[in-house]
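Visitor: Below, each chain spelled out in residue letters.
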Amino acid sequence: MNSSVLEIQRIRTPQNRSIGTSSLINSEQIVNLEATSSVYTTRNLSPAQKDPLIENYFRSGFQERISSRRRVALRLKSFDSVFLVLEWSQRGDVDDAYDAAVDLLAECEEVLIGALQYLYLEYPREGRDRARLEIKLDVLISGLARASRLSCESRLRAITALMGCESRIVKTAIIDAIAKLEHKRNKKQVRGILEWFASPNQFDTYVREYAKEALEDLE
Amino acid sequence: MTSHQISISDVVGVDRSPLYIHKIDRPSYWKFSDDFERRVDDAVSHIFKDSEHLYSFWRIASSMDLYCVAASLNAKRDSPEEDIPFIWLTDLEMGEFGLEPAPSEEGVCLHATSLHVDILIPPEQARALCHGLMLKELKFSEERSRKYREKKHMKEIVALLKAEGCKAYQTNLEFCSCQSIDLK
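Protein chains in written order, with my numbering: chain X, 1 to 219; chain R, 1 to 184.
It should be emphasised that the hints constitute simulated quantities derived from the structure, not laboratory data. Among the clues, some could well be false.
Straight line, CA to CA, 27 Å or less: simulated BS3-like cross-link-like pairs of lysine-lysine [to be verified]:
1. R/K151 x R/K162
2. X/K188 x R/K155
3. X/K212 x R/K162
4. R/K152 x R/K162
5. X/K188 x X/K212
6. R/K151 x X/K212
7. X/K212 x X/K187
8. R/K151 x X/K184
Partial list, computed: chain X residues near chain R (C-beta under 7 Å) [stated by the list, open to error]:
9. D93
10. D96
11. D217
Everything numeric in this text was worked out from a predicted model, so none of it was measured. Think of the CB as a built atom: it goes at the ideal place given N, C-alpha and C, for glycine as much as any other residue.
Extracted from the complex, chain X is given alone in its bound form (with noise of 0.2 Å):
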């Protein structure tokens, strides 16, 4: 067995991972990431991992990230590669990094839903490693809402079937995504969910707030 399947069998092995919280929610919902393996290669996280591509797009100023950045996201093939992008946009000595993070994963295709469904399945219920993953959760939830190569269907699939997760930042950007997915087809759809997250049914209430507020802003 080679190790992408044995990467496999273990993102479709969830441990007590609830997501199915409200009826929006179905498992269908959870992104086969079969249909992925064989294209993008399985995740080897080394902490000294290195891409002089990536860093060189993060060094650099912003009109020439702006002509780099579909060359970088071509080269963007695996969940270690899109996990370095999600290091870099938290780098204090880059400037912009977030957005230049969120812009450059908005180039990407598929790998970007099976690598949001892999940082979830990661997902920590504590300790301190919980904010760094949710913070990274949140840039790719970004960048996954802006990369037009995908069907808005697809995102909006992969992107809901986060919404079962209880944290604040991951909540608003999910929120934040579902709203900049809106279009003429699927307005309904994108109502029904924020509403959702504006009712009782959340017990936080600045998700609460966070999502009658982008309930406003739907056109």
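Knowing the structure of chain X, use the given hints to seat chain R on it.
Guide: Coordinates of chain R only, in the frame set by chain X:
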């Protein structure tokens, strides 16, 4: 020039101009938690993390400033209409928290460049600033984290400044129309 539909209070929630805004990555980074001390700590670590402790602020005293700063901030993005989350404080509060703005031209809109300042904020001072602003937020019910909203604000800002000839949208222009526009 047409009259402006978007005012400082529309975007900031109140008009206590002149005021300074500092762009942040996400509105929720200002409110990670309902626990006050944790909230302060998280805001410091996720908003004030520059390795040299030097932060960009923009001084806003008019609608024109409000529009041009937004244009400059989003000139780096793929979409000029993206939301722009920020925190704000007044001119007087700058002194109150011991912050010393140093003019430093930045931005592509040539009106906005004159509104930009750099402020050195070491970690302890950043903590005092976040703590103080969050206390004021509780006391006066003023949200210190706000955002230019894509559909409500940015679409109009971009449409107007593009039509007028702002350098943020046409970098090959020699001049920026925003330098000569007198907005009400």
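Visitor: Take the hints in turn and mark each one as holding or not.
Guide: Results of checking the hints against the structure:
Simply put, R/K151 and R/K162 have alpha-carbon atoms about 16 Å apart, close enough for the 27 Å limit, and the pair holds. The suggested pairing of X/K188 with R/K155 holds, with an alpha-carbon distance near 23 Å, which does not exceed 27 Å. A threshold of 27 Å between alpha carbons decides the hint, and for X/K212 with R/K162 the separation of about 30 Å lies outside it, so the pair is violated. For the suggested pair R/K152 and R/K162, the alpha carbons sit about 17 Å apart, so the restraint of at most 27 Å is met.
Between X/K188 and X/K212 the alpha-carbon distance is near 15 Å, which keeps this suggested pair within the 27 Å criterion. Annotation: proposed proximity of R/K151 to X/K212 holds, straight-line Cα distance about 14 Å (limit 27 Å). Our distance criterion of 27 Å between C-alpha atoms is met by X/K212 and X/K187, whose separation comes to about 15 Å. A distance of roughly 15 Å separates the Cα atoms of R/K151 and X/K184; the hinted pair therefore holds under the 27 Å criterion.
The criterion of a C-beta within 7 Å of any C-beta in chain R is met by X/D93, whose closest approach is roughly 4 Å, and the hint holds. A distance limit of 7 Å between C-beta atoms decides the matter here; for X/D96 the minimum to chain R is near 6 Å, and the interface restraint holds. At its closest, the beta carbon of X/D217 sits 5 Å from a beta carbon of chain R; the interface hint therefore holds under the 7 Å criterion.
Of the numbered hints listed earlier, the single one contradicted by the structure is hint 3.
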